[in-house]
Structures are given as structure tokens and as C-alpha cells.
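Peer 1: One letter stands for each residue in the lines below.
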Amino acid sequence: MSAADIAGAALVVVGVLFFLSGTLGLLRFPDIYTRIHALTKADNLGLGLICLGSAVQSGSLLTALKLLLVWILVLLAAAAGASLIAQTAHERGIRPWERQE
Amino acid sequence: MVLFDLILGLLLVVLVQKCLSVTDLFGAVISFMAFGLLMAVAWVRLEAPDIALAEAAIGSGLTGALLFSTLGRLPHSEARQPIASRTVGSGPGYWLAAGFWWVSIMLLSVAFFLSLLELQAPGLGGYLQERLSESGVLNPVTAVLLNFRSLDTVMEIAVLLLAVAVVWSLGTVGWPAKQKLSLPLLVGLVRLLTPVFLLVAFSLLWRGNHAPGGAFPSGAVLAAASILLLLAGKTIRIYPLTMFWLRWVLAAGLLVFVLAGMSLMFAGYGFLVYPEQWAGTMILIIEVSAGVSIGAMLMALYIGGEPDFHAG
Amino acid sequence: MTAYYLILAGVILAMAFHGLMTRANLLRKLMALNIFTSAVFLFLVALARMAEPLDPIPHAMVLTGIVVTVSTTAVGLVLLLKLYRRTGSLTLQSADDD
Amino acid sequence: MTTLYLVLVGVLMGNIAIGLIRILRGPTVADRMLAAEFFGTVTVAIILLLAIAMDKSVYYDVALVFALLSALAVVAFVTRGWPDRKSGEQEDERG
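Residue numbers (the numbering used here), protein chains in the order written: chain A, 1 to 101; chain B, 1 to 312; chain C, 1 to 98; chain D, 1 to 95.
Wrong hints could be hidden among the right ones.
[Claimed, not checked] Simulated restraints on C-beta separations:
| no. | chain 1 | residue 1 | chain 2 | residue 2 | range |
| --- | --- | --- | --- | --- | --- |
| 1 | A | 91 | C | 3 | 50 to 58 Å |
| 2 | B | 152 | A | 91 | 21 to 29 Å |
| 3 | B | 17 | A | 68 | 37 to 45 Å |
| 4 | D | 4 | B | 152 | 41 to 49 Å |
| 5 | B | 127 | A | 34 | 21 to 29 Å |
Derived from the structure by calculation, the hints contain no laboratory data.
Ideal Cβ positions, reconstructed from N, Cα and C, are used throughout, including at glycine.
Construct all of the structure, not just a fragment, from the sequences and the given hints.
Peer 2: Laid out in C-alpha cells, this is it:
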């Protein structure tokens, strides 16, 4: 087991932790807008770390580039998707959550 | 690994259950799409990368777009209609029949499995490995699809073309016109993604002969790119040439395949029996035309009717 | 392990068949049909993995099957929309059946 | 090492199970779609981890196609699948 393997594994573990926190937000946050907020941050960072971890382990430049492309694509899709969902939700009159005393 | 299999199986079963019984149609469609995603994970687990690629393109993308577009054309009340209560029948006779089917299907699969244990079927993998060098390609699945059992693939493309013919015979739809969307972001996203789609489609096509990929996933990615363009409100401007050329592109896959087969027959080889030195080239030509054609056919199926350029 | 996937395919097949037969809504029936074919594919691919070495022929069969399924689904959806426009309903039951 | 990755894949599958709750509960259509989009991302992650665990680089391409097509479903939903405003979600529309 080389140093690259261990570093890669550590990155992947941290990435999975980010995914967990995103899911927690998806489950616990009160409305669509806060859920989008939690999910987009956690997802993208989590997947980025997993891609980075895989790239470190693969040790091949081509694979690393491919993984970078995967990450950028998911980043684009998730960011644009989240923004589109939020925008349309707002237009359709779903109100943001407010703390009710 | 066992834990992973257990969770995967459980999730699949729960999603099927939800898809078939959750009360609103929208929830059912979302569950169905999630089922497709997890099926792709199952294909990866079962070491079937070719199928995983196809499922990734179809299960998560095209079928979802098809279902959403259908849902969007139904009024909301229909999509929300409680369905669980509206089954075909109920009462003891119904449950007896349902129970009978359940038990018999389960028994059949168990019996089939037990008989397989007896047989210890070796499969044709070894035989295929031996003959792979004759096929002109290096990926065994492509070898089966386009050489050893290419007749099946001709039929598959014919079925797809037939489906387009059936859909067109049911009426015309206006060519989706430019839409007034207040989503400039969408246009930007699509503009950014289209070249990547084309690149991936091309690379899948090219790799088909030595690695998983090939005409079908490539065609699906092409279709996805054009559907994305349509959804973003961008009309693909091919107007003066349109119908004439569109028909030719749709038929190209089948035509090239059949022509290749016939010319081989006249050259004395037999229908789609490639001479060894030509096999690689012929497969490449067939694959490129089939890929483009499949993309066009899937797109035509999505539009859901013969395009009428005057109505759009 | 493969036995597990074979049985899983059996369970999903039975569930999908049940749905196909009992749901009145045609869109639901179409999804059930799709799940049904997925179960059959799962069965074939699990079988292919039992063989030693891995048998790629069922993989090719399943790829063909996926294409046919997509065509069927698309045609089904267009028919469903036609039916809906004509009758205002997504089921095949006539009003006096209910 | 492989065991570690398989455990992590198990954790990610657990994430999907939790996301499923959000899909089933809603309450709005947008929540469900968001959860479905999340499913797509997690699936990409799972396939990447399986690719390392099984030591097969082919699956990176599967992840790539997945990443591309996850955009399509969301765009189809936003432009076509979103139901009408009038009859929309009563549960969450306080207004």
C-alpha cells in the first residue's frame, strides 16, 4: 500500500462524509430553498473529493482528466439544475420558509 | 460486498413498490427514474459495462425526459389522481389470481435456478474468446452484436425504425418552436454542454470496437444532446432540407446495414458474413451510420409525431 | 451471490407483473412493463456472470432488448396521449364500469 | 482497502435510502426533483467507488455518461414536467 493509496482513500472518506452532511440537510431542512443550499454545497464538494481521491490512486493522467471532466459536468448540471429548480419554484409561488414564533 | 448487495436489492424492491403504488403519478415517475439509476449500479456490480452505459444514457436520461414530457401534457389533476385505489379489480377472486401469479413466478425462478446449479452451464464466453480474432473487433459484446449475431442487430434497428413509423402514422406535431422561457441560464448551460455531448458521443462510437461503447450508447447521447437543445427552446434550423433529409438519416442505419449484407452475399460470402480482412472496416462503417441513425430515431420518438414544419 | 440476484430478479418480475395486471392507469402500466423487462435483463446478466469466463452473449441480447423496450415505451406514450386527448382518461375502463 | 471502499459504497447507498424519504414525503414537486437530482450525483459517486474497488477503469466512462445525462432529466423536468401553477401544491403554498 503506497502513500498515494492512503492519501486517495483519505480524500474519498472525507468526500463521503460531505455527502452524508448533504443528505442530512436534505432530510432536516425546512423548505426547498434551504435544502437546495445544503445539497449543492455538500454534493459538489463531496464528489470533487471523491474524484480527486480516485485520480490520486489511478496514477494515470488520462484517467485524472476524465475524472476532472466528470466533476465539472456534475458541477454544471447540479448548479444549473438547482438554480433552475429554485427559480421555477419561486415563480410558481412556493414561499421561502420563515421562522414562526 | 454482501452488505452492498443486500442494500441494493432492498432499495430496488422498495422503489418498484413505490413506483407501482404511490398515489400520485409524479412520485411514481421519480421512483421509476431512481430505479433506473440503481439498475445501472447493479449492471456495474454484475460486470456488464456495456449495459451500464446504455442504462446510464437511457434509464436516467431519455426515459426520464419522455415521461416528464408526457406528464407535462396531462393536466395536473390527472397527475395527482390517486391511483392506488383505482385498480382493475379487488375481492377474493382477484387476490386468488394475484397470489397464484406471485407464487408461480417465484417457484419458476427458484426451479430454474436449481436446474442451473445441476447443469453448471459453462456459457459461451470461452468459445467467443477463441473466435474474437476473426471478428475484426476487440470488444466481445460488439463482436456479438455486429458480427456473430448481426442479424439480430439489423432487426433491432428495424424495430426502432418501425416504432418511428408507427409514431408518425399517428399524426403530426408542430416542430417545437422557440419558446418564451425566462431561463437564460438554461440556454447558457446547453450551449456549454452541447460540444461535450458531441465529443462523448464520438468517443463512444470510436471506442466501440475495442472497449464498451458503440453505436447504441453513442446514438443515445446524440439524441440527448438534441433533446436538450429542443428543451432550451433552440430550434434546430434545418428547414429547407428537412423532411427529405430527415427521412434519409432515419433510414440510413438500416439501409447501410442491409446494403452491406446484400453486397457480401453477391460477393459470395453470405448475408453479413464478413471476410476476415474487411471485418473491422465494415463494422466501423455500419457502426457510424447506425449510431447517427439511432440518435435521429430516438429524437424522433421523443418528438412524438411526424414533424410538421408549417404548424410549428 | 449470483443466486441472490437471480432471486431478486424473480421478486421484481413478480411485483412488476402484478402491477402490470392490476393498475388501471396506463402510464403506470407502461412503467410496470419497463420494470418487468429490467427484471428479465437482470436475470440474464446474473446468469451471464455465473459462467466462467464471463459470458458476453447475454450482454449483447440485453442491449438489443433495451433498444426494443425504449421503442415500445415511446410508442406506448404517444398512444396514451392520443387516448387521453380523445377520451379525457388515462384508463381503458369505460365510465359505466366504475 | 477494497473492504473500505465497499463500506463507503454501503454508506452512500444509505444516503440514497434517506433521499428516498424526501422523494416520498415531498411536500412539493420541486423537493422530489431535487432529491432525484441528488440521486444522480450519489450514483456517480457510487460508480466511481466501485470502479476503484473492482479495479476496472471502464466504469469511469459509465460515470461520465451519467454525469452528462443527469442534466437532461432536470432540464426536462423544469421545462416540461412542472405541473400548472393553479392546481399546484396546496401543502406548502402558504399564500
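Peer 1: State for each hint whether it applies.
Peer 2: Here is what the structure says about each hint:
1. 91(A) to 3(C): 50 to 58 Å: Hint holds: Cβ distance 52 Å, inside 50 to 58 Å.
2. 152(B) to 91(A): 21 to 29 Å: The hinted range 21 to 29 Å is violated for residue 152(B) and residue 91(A), with Cβ atoms some 49 Å apart.
3. 17(B) to 68(A): 37 to 45 Å: Because 39 Å falls inside the window, the suggested range holds.
4. 4(D) to 152(B): 41 to 49 Å: For residue 4(D) and residue 152(B) the Cβ distance comes to about 42 Å; the hint holds.
5. 127(B) to 34(A): 21 to 29 Å: Check failed, 58 Å falls outside 21 to 29 Å.
Hint violations for this structure: numbers 2 and 5, all remaining hints satisfied.
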